[in-house]
Each structure stands twice: as structure tokens, then as C-alpha cells.
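Enquirer: These are the residues of each chain, in order.
Protein chains: 2
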Amino acid sequence: MAQIKVPVVRNILQANDRLASENRNRFDEAGIFVVNLMSSPGAGKTSLLEKTIDALAARMGIAVIEGDLQSSCDAERIQKKGVQAVQINTDGGCHLDGNMIQIALDSLDLSQVDLLIIENVGNLVCPAEFNLGEHEKITMLSVAEGDDKPIKYPLIFQICSVLLVNKIDLLPYTDCDVAKIRQTSKQLNPAGKVFEISCRTGEGFGPWLSWIEEKVGEHRKIRAGAAVPPQADSH
Amino acid sequence: MAQIKVPVVRNILQANDRLASENRNRFDEAGIFVVNLMSSPGAGKTSLLEKTIDALAARMGIAVIEGDLQSSCDAERIQKKGVQAVQINTDGGCHLDGNMIQIALDSLDLSQVDLLIIENVGNLVCPAEFNLGEHEKITMLSVAEGDDKPIKYPLIFQICSVLLVNKIDLLPYTDCDVAKIRQTSKQLNPAGKVFEISCRTGEGFGPWLSWIEEKVGEHRKIRAGAAVPPQADSH
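Protein chains in written order, with the numbering used here: chain A, 301 to 535; chain B, 301 to 535.
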């Protein structure tokens, strides 16, 4: 009997990684620093963007890609801040992927951008598995979610460069122990940074903004390096 | 050339629905009322179970199936309450499905159970798409997540029988407008009930507990009806 090989995409994550890598090349050619911001629903991602844009938009070009199941309320909030914003609607899908970002990039003028923030779908599970081409993953946790989250959802705390512990203004009214969050996330991710913030009051924003500015500076240097005239390479 | 038909599971949700329907038959034969409890991470599902067990365990047999990525902390919390508890670890999977419940049921003595609560993985997206065989879906939302969640994650608010708005003790310290949650969830789901509660203070538990007791009573009657001796059917 004839043997027919059925072509199968054996690893959907592998296919995604290829697209993510293409995105990364595009970001690096443009010298843009790109972060993938992930959290549970309602941890405060969009509020973080609003406050970060307010603080930094005068000093750098900022663009935002918003991932949501079907609404456009978040992108509308961001557009009011006067920066470029694109809304991706996943049509019920639980995470962004490399392909969606590739399509969204066509709607942005990257030549005006130093910092691109991708706000993922609110979900502490699925987004952790899909690279988008970002340079750094940021995980955000609201203290109202409780201090057991790193133990219960370890992957997303393990892979992030920065953990933002948000809504610290609510600490007096919850049983959340931030020391426990720091300890358990450090076990998963010894090199990760932790910043405690309140998007409501602005408390703790200094170190977060400094980290962003430092990273943007590094990526501007990459762009400056790439801008060496072609004849420099021709002998 | 020989044509070979490759069997393909075309609709994974259809396959799941078959298993869910088998589970439902098993619940109905045993006269057990079964709920599927869904929410974002940290909305308060396990705290709800603890308080509900404290209030009702003297009056009915309660069992819990806990869904988590890999830890067993929630099932341990429930076992301390002296009721049957089974932990399902999804190994990173973002939702429970009918097959996982079928396997978990083999670890429970259903003859002692009137109420089975299935605590799904903390995720406001994926669990909404998978029936487990439950009689009612319960969605829980913490006021700390914000009042835009029904607009942003509509499916899980559309399909639930009951929406539990939890952590109302935090209302004075947030910008959350519960009237907006009621209004937008009612548009999605006109027949759904909404209970405002605080698992921390116990506020608002009366209507929730009454609803559970009423439903358990209805399902006990189904069991009593099914107990008609077999000879009644033999002529």
C-alpha cells in the first residue's frame, strides 16, 4: 500500500517563534525597545500605560499595540494620550502571537518610535507561551489578586524580566504579603527585577521609569550603530 | 493514486461536549447539583468555597474538584474543611475539560454528595468555551479588577447563571462602579443573577447561599424521582 506522508505542523510554538524572530529583526533594525506586558484581567496594564506615557512621551516616541478579545476601549484610552495605538481583536482568542504583531506593525510608523509597548490579552496563563519578538517580558500582578499567584501560575513569573506589583495603595485593606511575592518570584526567577507601584497614586513609578529609559537608551545606541554609512563596510 | 482518508477530530469542542454530557448523566443519576466556578486569578474562588462550606456542610454533602496548573495549595485549603476534594493539575493547561472531570470523578464517593463545586483554572477567557457537564456556570469578578470586564471579556459573563461580584469591602478604595457591572452584564445576559459579596467580611452571602440551597433541593427531588423501583417500568 502506498505510504502518503501527511504534512503536519508539529509545533505551533516553533512556527510562532519564527514569526517572533522576524519581528525582533524589524525592531532591532529600527532601534526600538519593545516590551510584552502581561497580567490577569484588571491588574492595571492600561493604567500603567497611561501613566508611563504621561511621564515619558516628551522624551521619546511611544507606540502601543493593544490586545483584546473584541472591544477597542483600551486603544481608545491610549489614543487620547496622543501616541500611536493599534488595537488587535483576537475574536475570543486568549493570547497574542507573532503573526498578529506582524500585521499590527504595518499600521505603525516605526520611524517615530523609541518604545513599543504590547499590551497582551488579560490572562496569566496562555500569553506566557507565545513570544512576540519583544526584548523583555513584563508581568504585572495586582496585590488584590493575592500573594499565592507566583506559586500557582509559575511560568509567567519565571520568564519575565520585570515583575510589577501594582495597586500597593490597597495593601492596608487586603491580606496580601508583598514579601512573599518577592520571595516566591525570586525562587522562580533569580535575575528578575521587582517594582512595587500604584498606578492610582503614582507611588513607586521612579524605578520603573528609570528602567524603561535605560533600556530605550541602549536600543537607541543599537540604531545609531546600524546607521553607520554603508561605505564604511565596503573596503 | 490511492486516496487515504485521514481521520481528523474536526471539532475539539464537539468531542468535549460528548464527554460533558456523559458527566451530566452521571450527576443526574446521583441527584447532585454541580457548578463550574470561573474567574480571573485571585478573584476569590477558593475563599468563596471555604465560606460556603463553613455555612452549608452541616446541611448537605459537599465535594470540590480543584483545577490548577500545577500546585495543590487550593485542594489542601479545601481538605482542611473536612469535605472531599480532588486536585486536577492541568500541567500548564489554561482550562478544565470534560475528560479531566471524568477522571477526577473516579476519586470521589458521589453517594455522599449533594453539591459538587468545580473550581476552574483562574482565567477569564478559555474556561468559558469548555462545558464540564455542570448544571450552572458561576462567574466571579473582583471589584479590584474594574467595571469594564463584562465589556472586555463578554463570553464568560454571557453564559453564566450567576455573577458573583466579590471584594465589595474594597469598593471605597477603588474606582469600580458596581452599577456599571450590573448594567453591562445584564445586557449580555438578561436572565443572569448578580450577587454582591465579600468573602473577607461575609457581607452579602445570604442570597448566594439561598440560591445554592434551592438548587440542591431541586436536584435531590430528581434523585428521589429516579429512585422509583424498576418494576414500575416493567409493564
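Since the hints were made in silico from the structure, they are not lab data. One or more hints might be untrue.
Claimed, not checked - With a straight-line cut-off of 20 Å between C-alpha atoms, the simulated DMTMM-like cross-links for lysine to aspartate or glutamate are:
1) A:Lys380 <-> B:Asp448
2) A:Lys480 <-> B:Asp448
3) A:Lys381 <-> A:Glu350
4) B:Lys515 <-> B:Asp354
The structure presented is a predicted model; accordingly, all values stated were derived computationally and were not measured.
Enquirer: Indicate, hint by hint, whether the structure satisfies it.
Expert: Taking the hints in turn, this is what the structure says about them:
no.: 1; hint: A:Lys380 <-> B:Asp448; in the structure: holds (18 Å)
no.: 2; hint: A:Lys480 <-> B:Asp448; in the structure: violated (30 Å)
no.: 3; hint: A:Lys381 <-> A:Glu350; in the structure: holds (7 Å)
no.: 4; hint: B:Lys515 <-> B:Asp354; in the structure: holds (18 Å)
The structure fails to meet hint 2 from the earlier list, while all remaining hints are met.
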